[in-house]
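Read off the chains here:
Protein chains: 2
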Amino acid sequence: MVDILIKNATLITMEGKGLGIIPQGAVSIKDNKITEVGQLRNFTQKKAHKEIDVEEKVVMPGLIDAHIHTGIGILRGLSQDVDNWMEGGLWPFVKALDEEGRVKGSMVNIIEGLKAGTTTFCDYDNPMGKIANNHAQVGSRAVLADTVNEMSDKSDIEVGDLYPLDPSVGQEKLRNALELMEKWHGYKDGRIRCLMGPQGPDMMSKELLLEVKEIAKRYNTKIHMHVAQGDREIYQMEKRYGKRSIQYLDEIGYLDDMLLAVHLTEATAEETKLVAQRGASMILCSGSIGIIDGIVPPAAEFKKYSSKLALGSDQAPGNNCNNMFNEMKFTAILNKCKVNDPKVFPAWEVLKMATINAAKALGMEDEIGSIAPGKKADIIIVDTNSPSMFPALQTPQRNIVPNLVYSANGSEVETVIIDGEIVMEERRLTKTNEKQAILEGQKAAENIAQRAEKFYKNMNTTLSKKMEEGLI
Amino acid sequence: MVDILIKNATLITMEGKGLGIIPQGAVSIKDNKITEVGQLRNFTQKKAHKEIDVEEKVVMPGLIDAHIHTGIGILRGLSQDVDNWMEGGLWPFVKALDEEGRVKGSMVNIIEGLKAGTTTFCDYDNPMGKIANNHAQVGSRAVLADTVNEMSDKSDIEVGDLYPLDPSVGQEKLRNALELMEKWHGYKDGRIRCLMGPQGPDMMSKELLLEVKEIAKRYNTKIHMHVAQGDREIYQMEKRYGKRSIQYLDEIGYLDDMLLAVHLTEATAEETKLVAQRGASMILCSGSIGIIDGIVPPAAEFKKYSSKLALGSDQAPGNNCNNMFNEMKFTAILNKCKVNDPKVFPAWEVLKMATINAAKALGMEDEIGSIAPGKKADIIIVDTNSPSMFPALQTPQRNIVPNLVYSANGSEVETVIIDGEIVMEERRLTKTNEKQAILEGQKAAENIAQRAEKFYKNMNTTLSKKMEEGLI
Chain A
81 MVDILIKNAT LITMEGKGLG IIPQGAVSIK DNKITEVGQL RNFTQKKAHK
131 EIDVEEKVVM PGLIDAHIHT GIGILRGLSQ DVDNWMEGGL WPFVKALDEE
181 GRVKGSMVNI IEGLKAGTTT FCDYDNPMGK IANNHAQVGS RAVLADTVNE
231 MSDKSDIEVG DLYPLDPSVG QEKLRNALEL MEKWHGYKDG RIRCLMGPQG
281 PDMMSKELLL EVKEIAKRYN TKIHMHVAQG DREIYQMEKR YGKRSIQYLD
331 EIGYLDDMLL AVHLTEATAE ETKLVAQRGA SMILCSGSIG IIDGIVPPAA
381 EFKKYSSKLA LGSDQAPGNN CNNMFNEMKF TAILNKCKVN DPKVFPAWEV
431 LKMATINAAK ALGMEDEIGS IAPGKKADII IVDTNSPSMF PALQTPQRNI
481 VPNLVYSANG SEVETVIIDG EIVMEERRLT KTNEKQAILE GQKAAENIAQ
531 RAEKFYKNMN TTLSKKMEEG LI
Chain B
81 MVDILIKNAT LITMEGKGLG IIPQGAVSIK DNKITEVGQL RNFTQKKAHK
131 EIDVEEKVVM PGLIDAHIHT GIGILRGLSQ DVDNWMEGGL WPFVKALDEE
181 GRVKGSMVNI IEGLKAGTTT FCDYDNPMGK IANNHAQVGS RAVLADTVNE
231 MSDKSDIEVG DLYPLDPSVG QEKLRNALEL MEKWHGYKDG RIRCLMGPQG
281 PDMMSKELLL EVKEIAKRYN TKIHMHVAQG DREIYQMEKR YGKRSIQYLD
331 EIGYLDDMLL AVHLTEATAE ETKLVAQRGA SMILCSGSIG IIDGIVPPAA
381 EFKKYSSKLA LGSDQAPGNN CNNMFNEMKF TAILNKCKVN DPKVFPAWEV
431 LKMATINAAK ALGMEDEIGS IAPGKKADII IVDTNSPSMF PALQTPQRNI
481 VPNLVYSANG SEVETVIIDG EIVMEERRLT KTNEKQAILE GQKAAENIAQ
531 RAEKFYKNMN TTLSKKMEEG LI
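Protein chains in written order, with our numbering: chain A, 81 to 552; chain B, 81 to 552.
One or more of the hints may lead you astray.
Same chains, same names: a pair is fine if it fits in one copy or spans any two.
What the hints assert, rightly or not - Lysine-lysine pairs mimicking DSSO-like chemistry, simulated, CA-CA at most 30 Å apart:
{"hint": "1", "residue 1": "Lys534", "residue 2": "Lys97"}
{"hint": "2", "residue 1": "Lys319", "residue 2": "Lys423"}
{"hint": "3", "residue 1": "Lys534", "residue 2": "Lys423"}
{"hint": "4", "residue 1": "Lys353", "residue 2": "Lys286"}
{"hint": "5", "residue 1": "Lys268", "residue 2": "Lys113"}
{"hint": "6", "residue 1": "Lys97", "residue 2": "Lys537"}
{"hint": "7", "residue 1": "Lys175", "residue 2": "Lys423"}
{"hint": "8", "residue 1": "Lys319", "residue 2": "Lys537"}
{"hint": "9", "residue 1": "Lys384", "residue 2": "Lys545"}
{"hint": "10", "residue 1": "Lys97", "residue 2": "Lys545"}
{"hint": "11", "residue 1": "Lys545", "residue 2": "Lys440"}
{"hint": "12", "residue 1": "Lys545", "residue 2": "Lys423"}
{"hint": "13", "residue 1": "Lys110", "residue 2": "Lys440"}
What the hints contain is simulated information worked out from the structure, not anything from laboratory work.
For clarity, every value in this text was computed on a predicted model and none was experimentally measured.
Please take these sequences and the hints and turn them into a complete structure.
See below:
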């Protein structure tokens, strides 16, 4: 007898050459794994402790958010529509951000993603040791990195200055990252795992980068890093090393299949090609880079050479949501408009980027990203009776995949199963009190806002003027 | 005693120079109008038949969808990611589309918009006489146009041919439009009104266009028309008249404040400037034009000269959703990425385009688009306790407006009041059975799909190949 049987599903398995669509399909789950997938009429594992008749709704792999910073989610919406998002607006609030705010805010961020169908969170932040508890509690699959850099919080850097790098800071952060690894890597049969997260090539010495790489090899994990993420990074790299980020990383042996290169905002076509050809993955954050920088990163270039392209929602201050349906939509439309061609980034391709190709990018394709026997049971049920998914047609042409990408907004996700466990059912979280989490987060946010007031007053920013004018 | 008192609101009135934000605010409603707006502590009309304590949630004007075709909503998702969206994919389904499908599909489309906070629908379709019943039933505010053109359905046109125009078709469609006007214009104290809807300058003779204009003058209504909506239109205009659409329209006296010019996809900067300077409004459909054509229309050019810029969700096959939160998001990010500048199309400006500036564009600013005494009571309540709106901060800097535009997806809309009537409460429609509407629509859609099969089989399109490959 299996634990869960999902039947009468419009299955989108993401297996095989196409999307592996099976109308009138079924999936069975035992413990944390998928045990059988196929047409209901040929199904063998029909006895289950829990049977879910989904009445032709869509059943598909959970979405993978390949780059998210839940620890600053609590600053959502505080710096928008400005140059220099960080210095121009977010800074007073970052200064006032405490551990409580990071951890409480992270919880709401995770809930937000989960309710929109995200089952795997590549969470990149600190204090990750504490944030990991949130993932453990809500039941999410998490791939965690505790940010490593050599940036001292105390130093006041003028624009244009080379960042002073402080090796003692680097060593402390490395210790945190190792502690995280020791404590959480492999938790619950690998539902939570860790990797190394050097913040960027401009924020640490070559020596530390190489040390990080050795550790990653030892633990057999990937390296999750911002690469060519902005003109400031390129400026720092040229000033310090006389070369751009990607050439530098190639020379020190960083461009290989261990690397998850996030953003590539400033990468040229040639540089992007090199990253892809060396076997590294690209993580594209369409919403965040579009809203913060007005840029569409070179994902079209990357995917000419590699399918290891994943999507990430990045951080709520900036993006401003952590919703993979939003990322799919933005990715499709922004890339179409970049080259004035409606054919590029079609729905099926973008859906792959949020599922099976993301799993490949993370090196986790044997475990997640599709619905297949033996894989971990990370599955979402999407309500095709929602107005935004109406109508649901199977023949002569199916309209479900385009509607998932272009129309659904995440609120159609009805049920979320992670690692064989139902963590959301009929839109109610089963393991966490959503209301309580938001209430506690709101209190923490108000405390941050209060502390930020003294920094904010002295800034006289574009945003504070807009606030005075009543525009925000 | 008033009918409804909304209290403890974070009011975004859209009145005055800024956005007219009033924390701890209240609004009262009697019959179909707003009677008082202000801070709760100074409020006079405190006795009400129904009191809604919104506990600091956002209360704002209902959103205005300035261009929507609900009559083809039932074909959602059937033609995506191709050149020639209509001929390349939608055609077999359009051929099979019957009146039942149009009307039943329209109902679900309206429900979709309404649940995402749209209170005014500028619905442009046919048979509008029947679709009007849907708006009457659900309680939406509607500005209706029955499409007028001289295109014969029977003629098979080869690509590159000049469309044959048939004056008898034009006269029949004009009769329908006049019937609609006589029957519905002014219904329920103007909750439903009508205007003239010539489909485009390429689809009818100059004589018919001028006749339409005379009728619009007689009824004192605007003219809602697609202008420079694609390269095909420009090609037809140049072939027939030796000039582009906007020059032609200017010469025949069509560019004035009666005109709502939809799309302007192909308009040059100079042409756009002329449209704005002549006093016409622009309706921007960011999602639909982005997905179908990969183009960002020249809204930035338009708004240099005029504030009469509104947003429209266009038709579900193409866009694919009729959700104004989606339109706001797309409008901001696409325009930022068009010019690589995060400062353009800031949140507050986009929010205006969906409310007060849309009302100006429609010439309805005395009635809708903001919360002010004497205006019609079209109001939505947005749940700021949703994860996507978390946290909600008022000081030292408010983050609510950016989060409404960049993060909310419409599912945060809790309550919708139109013309003083609560049409949705706690996400349940009060006047329509949503489930039943979707069930009936789904049946109608399946009938269309069945009839489309014979046309579809002969087409051998990109999409039918993708269908065979299991990609859609």
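Hint by hint, here is what the structure shows:
1. Taking CA atoms no more than 30 Å apart as the test, Lys534 paired with Lys97 passes between copies only; the shortest distance there is 27 Å, against 58 Å inside one copy.
2. Proximity of Lys319 to Lys423 under the C-alpha cut-off of 30 Å is restricted to the inter-copy arrangement: shortest distance 28 Å between copies versus 41 Å within a copy.
3. In this assembly of identical chains, Lys534 and Lys423 lie within 30 Å of each other by CA distance solely across copies; the values are 26 Å between and 51 Å within a copy.
4. In the homo-oligomer, the alpha carbons of Lys353 and Lys286 lie at most 30 Å apart inside one protomer (23 Å), although the nearest pairing across protomers, at 54 Å, exceeds that limit.
5. Within a single copy, Lys268 and Lys113 get their C-alpha atoms as close as 13 Å, which meets the 30 Å cut-off; across copies the closest is 58 Å, which misses it.
6. In this assembly of identical chains, the alpha carbons of Lys97 and Lys537 lie at most 30 Å apart only when taken from different copies (23 Å versus 57 Å within one copy).
7. Taking the shortest Cα distances, Lys175 and Lys423 sit within 30 Å of each other only across copies (24 Å), while inside one copy they are farther apart (45 Å).
8. Taking the shortest Cα distances, Lys319 and Lys537 never come within 30 Å of each other, neither inside one copy (33 Å) nor across copies (62 Å).
9. Taking the shortest Cα distances, Lys384 and Lys545 sit within 30 Å of each other only across copies (22 Å), while inside one copy they are farther apart (45 Å).
10. With identical chains, the CA atoms of Lys97 and Lys545 are at most 30 Å apart between copies only, with a shortest distance of 13 Å across copies and 54 Å within one.
11. Only between protomers do Lys545 and Lys440 lie at most 30 Å apart by alpha-carbon distance; the minimum there is 26 Å, versus 46 Å within a single protomer.
12. Taking the shortest Cα distances, Lys545 and Lys423 sit within 30 Å of each other only across copies (14 Å), while inside one copy they are farther apart (42 Å).
13. Taking the closest pair of Cα atoms, Lys110 and Lys440 come within 30 Å of each other only inside a single copy of the chain (24 Å); across copies the shortest separation is 59 Å, beyond that limit.
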